[in-house]
Amino acid sequence: MSALEAYWKENLSLIRNLLIIWALASYVLGILLAEPLNAIRVFGGPPLGFWIAQQGSIYVFVILIFYYASRMAALDRKYGFED
Amino acid sequence: MSAEVWTWIIVLATFALYLGIGYWARVRETAGFYVAGRGVPPIANGAATAADWMSAASFISMAGLISFLGYDGAVYLMGWTGGYVLLALLLAPYLRKYGKYTVPEFVGDRYYSNLARVVAVIAAIFVSFTYAVPQLRGVGIVLSRYLGVDVATGVWAAVIVTAFIAVIGGMKGITWTQVAQYTVLIIAYLITGIALSNFLTGNPIPQLAFTFSDFAVRLSQLQVELGLKEYVAPFQNLNLLNVFLITLTLMVGTAGLPHVIIRFYTVPKASDARWSAGWALLFIALLYTTAPAVAVFSKYNLLNTLANKTVEEVQGIDWVQKWSKTGLLKLEDKNGDGKYQITAAKDTNEITIDRDIIVLSTPEVAKLSPIVVGLVAAGGLAAALSTAAGLLIVMASAISHDLYTRIINPQASEATKLTIARVVILLVTVLAAPFGINPPAFIAQLVAFAFGLAASTFFPAILLGIFDRRMNTQGAVAGMLVGLVFTATYIVGTNYLGWPRFLFGISPEGIGTVGMLLNFLVAYLVSRATPPPPAEIQKLVDEIRVPKGAGAAAEH
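First to last, the protein sequences are chains A and B. full-length UniProt numbering applies: residue 1 is where the first sequence begins, and numbers increase by one. full-length UniProt numbering applies: residue 1 is where the second sequence begins, and numbers increase by one.
No lab work stands behind these hints, which were simulated from the structure alone. Certain hints may be false.
To be verified - Keeping only pairs whose Cα atoms sit at most 16 Å apart, straight-line, the calculated EDC-like set for lysine to aspartate or glutamate is: (1) B:K539 / A:E5; (2) B:K548 / A:E35; (3) A:K9 / B:D542; (4) B:K548 / A:E82.
If you're wondering where the values come from, they're calculated on a predicted model, not measured in any experiment.
Pulled out of the complex, with its shape left as it was, chain A reads as follows:
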């Protein structure tokens, strides 16, 4: 396998894993399970499903992008593809 193929494979699996978290935070917890999760109230504040949909998911998105950028920087170095 060439360096490009190996690099691309690692990149794809990182993207896949992060997109799974992205979908879990928004579509699964924020929408599909919003009703049952609303039975839980954390911190004495709003119901959990509502909180994830209006606030929590956005924090997850921000973290995902910065994590991706730092992991890819490491991957670029590993394969010598830095720009």
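Fit chain B to the supplied structure of chain A, relying on the hints for placement.
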């Protein structure tokens, strides 16, 4: 000094600042004009992207929209932020590595086809125009509401400021004014959000007050007592299927909007594009996590202050008098019992609150100094002006770069190219003004179009161009056309021709997701039934997959 005097001072000062930056950033070569010379640091590009993306509607109307939709307002919160994850992981670094000027250029080159290029040019212009008109109108409305000038005068003021910066500074001028505009709009938004949060909950950080106080639950109970919908319960205004599909359409549409994508061409390296997307979302999230808190606090405060109170009591409140005059707050004791009731039924409801009042009235409700009123006006203007500028350069570059220099006259000299670009941007700006002054009634609904079309045309075409080496011109063009025609037909039919929502009741705002899936399916099937793309295109795809050499790729 009165709020109006402060508003004049702050608005004129910010306009002078934008014009000054525009003059400082004037450019003399096409790379400067189209991609700001690719010298924008990732953090600055993040701020510019945030200003570019957050429109007059995000600043003025979004918190109000959420406060009326309750939980279901999440479609906008998640939809308009989640798209940046797609952008950062799937598009931005590769488009930056490819390293040219526009989105239609990537589509045209990757699919080695002028037909694909023209389809992309038309989609880019359509999407950007429908989006630019409400921005210009937004400036007119803010100026008329705060300073009492005519809406038309306000629109022309927007046109003059934007055209000056864009014509002399191109993308470079736009980028640096957007950085200033982001600063103005976020300070304005946070000051009011912090003050409101502190005024009602005693906690100055809106995000923490939202998370650790029970105001959302109290609002929810208050709404139920008044006979309104439960605030925190999902699917009160939109069913589960529509919440799911609208969120996905807004995410994918965000990732496919040309004015957002081209911002990532302006950073020095492909790896910078990844970081820059993170900064952009962080800067956007500052406003987008404040908005649901503002929504809860001001709605609770409004209902609590007004509902079932006596006429004398309510009429004695300063901000009630002021906002009643603007028509944004309507109070009418219909049953003559001396009290104002709020009900779900239109004929018995006595309090009508325009959604824009949620943000606009906050400084007065939270008893802030008149300076803040002026700052909120300047923030709304910054949001509208920055977005308008980003959209105008997309339209101008699609016409001058993709149509003129790539198809009509590839031999044009550098000076001719730049002149054409400047003339086109001036024409586009001036042509958009009448639409901003007298917008056709359907323009607000067209925003759904913009997202639907970006989701069903650009996003799949670009994604497949990067991730599927085997994708060819036949597949991409067929996919874009099917996605475009299907999505446009459904939106036009259900919005204007009285068609029933024949696909499981899917709202036109959410149909872009279906259009995108059809695009992917058709593109795959057609590309596999036709010959693979030429070897040099497959080599190009391999090249854009690695950041190395992004600097070299930029020299063309």
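Hint check:
1. B:K539 / A:E5: Roughly 13 Å between the alpha carbons, so the hint for B:K539 and A:E5 holds.
2. B:K548 / A:E35: violated, 47 Å
3. A:K9 / B:D542: holds, 13 Å
4. B:K548 / A:E82: Since the Cα atoms of B:K548 and A:E82 sit roughly 5 Å apart, the hinted pair holds (cutoff 16 Å).
Hint compliance for this structure: hint 2 alone is broken.
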